[in-house]
Amino acid sequence: AQSVTQLGSHVSVSEGALVLLRCNYSSSVPPYLFWYVQYPNQGLQLLLKYTSAATLVKGINDFEAEFKKSETSFHLTKPSAHMSDAAEYFCAVSKTGANNLFFGTGTRLTVIP
Amino acid sequence: GAVVSQHPSRVICKSGTSVKIECRSLDFQATTMFWYRQFPKKSLMLMATSNEGSKATYEQGVEKDKFLINHASLTLSTLTVTSAHPEDSSFYICSAFVVETQYFGPGTRLLVL
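Residue numbers (the working numbering), protein chains in the order written: chain V, 1 to 113; chain X, 1001 to 1113.
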């Protein structure tokens, strides 16, 4: 069985500060891992994905995530938060690729001016 | 980038009526589309996988006679909630799968009175 846990339903950071959104997964096989962002009234947009290549994955808008098998984690980071980063972020896991996703409950990021 | 639209974005209906939600891939073709349901502060829950020209595959616990899915073309999938009841009120999101990525629509909020 697969599952995803996102610690912290709400995260607030100051503009320019480090963004860290946590994601831990459970999977019986080597997983595919994804981070999606959802802006208000819009669909989910793919930020980045891990597919068993490099453990440090770089995505759009300076986001990156590191796959740590020993910690079963795939935390999302960004060095410096922008106001435009305020959104809902979802971590997802799959054992077969992007056609079979299990989502976490999401983390709402607020950026404080 | 690939764009997926949903219509309507919001619908209110009376209990016992049926509601159809459309999901369209605007600038690409997708043989596979997915339908999700999202409860407040909950994960996206996969309801069914819609394949063009064949019957949809429903996840365990999802009533196929309640949630009718039609994928008649490579750019359109529809979800019909039949004989809707208040417990069907939710946020419904579709996605289209192409080139190893799911592209999501903006969602449809259904309220059944």
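Hints listed in this document are in silico derivations from the structure and should not be mistaken for laboratory results. Ideal Cβ placement from N, Cα and C applies to all residues, glycine included. Treat the hints with caution; some may be incorrect.
Computed, partial: chain X to chain V, Cβ under 8 angstroms [to be verified]:
#1 Gly1016
#2 Glu1100
#3 Gly1107
Evaluation of the provided hints:
1. Gly1016: 29 angstroms, violated
2. Glu1100: Holds, because the Cβ-Cβ distance from glutamate 1100 of chain X to chain V comes to roughly 5 angstroms (cut-off 8 angstroms).
3. Gly1107: 7 angstroms, holds
Hint 1 from the earlier list is the only one contradicted by this structure; the remaining hints agree with it.
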